[in-house]
Amino acid sequence: MAQTVPSGDNTLLRDAIPVRKIGRVERFLGPENYRIMQGLMKTPASITGFSLVLLFVLIAVFAPLIVPPVGKDPYSIPRDGFKSDPQPMGTEWKRNVPDKPFWFAITGQEKWTHIFGTSEGQYDIFYGIIWGTRTAFYAGLIVTISTLLLGIVYGSIAAYYGGWVDMILMRIVDVLSILPGVLAALILAAILTPLIGKSTVPVMVALIAFGWMGYSRFIRADILSVRERDYILAARVVGVQDSRILFQHILPNAIFPTLILASMAIGDVVLSFAGLSFLGVGVEIGYADWGQLLSFARNWITSLNTYWYIIAWPGFFLVLFVMGWNLIGDALRDVLDPRMRGKT
Amino acid sequence: MPDLLLDVQGLETTFKTPDGVVHAVNGVSFTLKEGETLGVVGESGCGKSVTMHSMLRLIPTPPGKIVAGKALFFGQDLLKMTTEEIRHVRGGQIGMIFQDPMTSLNPVLTIGKQLEEPLMLHVGMSKKQAQERAAELLAMVGIPNAKDRLKDYPHQYSGGMRQRVMIAMALSCSPQILIADEPTTALDVTIQAQITDLVKRLRDEIGMSIIWITHDLGVVAGLAHRVVVMYGGFIIEESPVKELYANPTHPYTIGLLGSLPRVDEKERSRLFSIEGAPPVLYNKPTACPFAPRCKWAMERCWNENPMLEPVAPEHRVACWVDTKTGRPRS
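Sequence order for the protein chains is A and F.
The end of the first sequence is residue 335 by this note's numbering, with every number in the run present.
The end of the second sequence is residue 365 by this note's numbering, with every number in the run present.
Hints were generated in silico from the structure; no laboratory data involved.
One or more of the hints may lead you astray.
Unchecked claim - Ranges between beta-carbon positions, derived for each pair:
1) A/MET32 / F/GLU310: 49 to 59 Å
2) F/PRO95 / A/PHE238: 15 to 25 Å
3) A/LEU140 / F/LYS51: 28 to 38 Å
4) A/GLY306 / F/MET155: 52 to 62 Å
5) A/GLY14 / F/GLU69: 45 to 55 Å
6) F/LYS182 / A/ARG162: 48 to 58 Å
7) F/LEU292 / A/ASN24: 40 to 50 Å
Said to hold, decoys possible - In silico lysine-lysine, DSS-like type, Cα no more than 30 Å apart, as pairs:
8) F/LYS182 / A/LYS12
9) F/LYS186 / F/LYS235
10) F/LYS319 / F/LYS115
11) F/LYS277 / A/LYS12
12) F/LYS148 / F/LYS105
13) A/LYS12 / F/LYS186
14) F/LYS277 / F/LYS330
15) A/LYS63 / A/LYS74
16) F/LYS105 / F/LYS68
The beta carbon of each residue, even a glycine, is placed where N, CA and C say it ideally should be.
Please take these sequences and the hints and turn them into a complete structure.
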């Protein structure tokens, strides 16, 4: 029997195994993160979500170009008179008119009209929506980041000390979680408003005060699980200090799910903020805020067949904004679901 | 006579569980001389790892508790040290490697960062010195392109390479003792051989003592000077390695050796296996813990727990039966 002498080159093997080129991005991110990124770039839900959020970011950043600010405080919606009846879309804007924006050149327009109409008290709805986008981001991000930080610090302390400290801290969380969130926030904001004065602050403080419990539970659970991993033992074996183990070794491995949770929550925070604003706590009347705009429609609920635009436009933008964040959150959850591995 | 590096006396560790107190380690005593390699063998759940973890105070307390004993390292009791002192012993003077290299490296830190950490902590090196030393260490354990590979993350290393990194990390501060907790169990056979060879080579170069925990008697045969066999949280046989293989005395050791396949066997026969599983000790045993699985068990085995008794020079066994004759030992 003739034996083939191995030639030493691996042509056979090379042809048999399909080779996948690894790009720079994949090498940098590692296979797992690259897979997540790929998944996010391919899912229709996440593309829609990211596009919506990007659109709102652009609106917020370029608000002064879209509608040039009127008066000293750009966040107070300019009023075209004091009549109580809302004016229909396309009515001419007579008093407190903004400067001409760049896009008049494109549309060939000469004068400002109330694009989305005016609300009760002649507040311009279009102006309120554009500048209100900034309020939405401002409130949403500040509340989410603060609750996240608070929850992480609190949960880490509970997990790190363990024993009765953990017991007491987490029971406090349980008690706070029983309270219905928005209602509790409403009461706290109503108490705070006369003390601090009407602004975005009381509502944000109230939402932070009742919004961090979920994060603390999440981070605590993840720290407790990561703490038992072999590499933590390995770090202890080489004599790393406890505090360093917590911050360098445990937290970076435990924090990811909590961050995902936070990204999903931004939409909800903005919704709660608008809800409280609609109920009349928080910002002063006329402040550019979507909830505020919606609250102007309260007195006209019975005649919405005529004045539909006073609720439809702010509501539409609010829904789009919340949907954008929720779609991102959903897509992240799908991509991170272990059962979905290899399918995206 | 070489000095005693480590002298563990009557170590006892318990764990509080919802079902009761588990006596995981029951009065274990052993010694380690300078330059010596001690093999610790036994099934899973025999208290091998818990003994080592107790010694370095790595068991979580609660639920774990070191009830009694001493662990003298250079004459100093590890169990009585302050947290700060023991922290410097760990890594600085006693290194440890683990069973599963896939999970023993932190996935979010680079290999370099993890190697530099003990160097900066214990030797007091600057960041730059530590980086250079880390590259040397990687090269020492046989990883090519060491300097570039410091920037890699653990997921870019294979299992064998990660175990090499673990060894480099354990040896980074030139410890006197290396505790290897089943370092080859999770690796395939060729890599196992490479890792054992690497440890052997490093032992000869650096001259540290090794405690090698394993359930593979084949690995121990080629590596250890002395072997300790553990069962149910007790040491049941202790002997120089040659004597143990030539003359296994405890029924459990005989069973373990009988379960090994042999190359020189002419006829194919079934491997011997010991029936049952090691006990979970909710009460401090008053009988020989191996009695339920022992074919030599007599009445005395059920009533009294045997102590280690010498049967040959340096060879001690805890058994009431003389397994050569099958009669009670006098």
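For each hint, the structure was consulted:
One distance hint, 49 to 59 Å for the beta-carbon pair A/MET32 and F/GLU310, holds here, with the actual separation near 57 Å. The hint said 15 to 25 Å for the Cβ distance between F/PRO95 and A/PHE238, and at roughly 20 Å that hint holds. Between A/LEU140 and F/LYS51 the beta carbons are some 36 Å apart, a value that agrees with the proposed interval 28 to 38 Å. Checked against the given bound of 52 to 62 Å, the beta carbons of A/GLY306 and F/MET155, roughly 58 Å apart, stay inside it.
With their beta carbons about 52 Å apart, A/GLY14 and F/GLU69 fall inside the hinted range of 45 to 55 Å. Distance hint check: the CB atoms of F/LYS182 and A/ARG162 are about 52 Å apart, consistent with the given range 48 to 58 Å. A hinted range of 40 to 50 Å holds for the C-beta pair F/LEU292 and A/ASN24, which are about 48 Å apart. Proposed proximity of F/LYS182 and A/LYS12 is supported: the alpha carbons are some 24 Å apart, at most 30 Å.
A C-alpha spacing of about 28 Å is found between F/LYS186 and F/LYS235, which places the hinted pair at or below 30 Å, so the restraint holds. In summary, the hint linking F/LYS319 to F/LYS115 is supported, as the alpha carbons are separated by about 24 Å, within the 30 Å threshold. Restraint check: the Cα-Cα separation between F/LYS277 and A/LYS12 comes to about 53 Å, which exceeds 30 Å; the hinted pair is violated. Proposed proximity of F/LYS148 and F/LYS105 is contradicted: the alpha carbons are some 35 Å apart, above 30 Å.
Annotation: proposed proximity of A/LYS12 to F/LYS186 holds, straight-line Cα distance about 21 Å (limit 30 Å). In summary, the hint linking F/LYS277 to F/LYS330 is supported, as the alpha carbons are separated by about 25 Å, within the 30 Å threshold. The suggested pairing of A/LYS63 with A/LYS74 holds, with an alpha-carbon distance near 22 Å, which does not exceed 30 Å. Distance check on the hinted pair: F/LYS105 and F/LYS68 sit about 17 Å apart at the alpha-carbon level, within 30 Å; holds.
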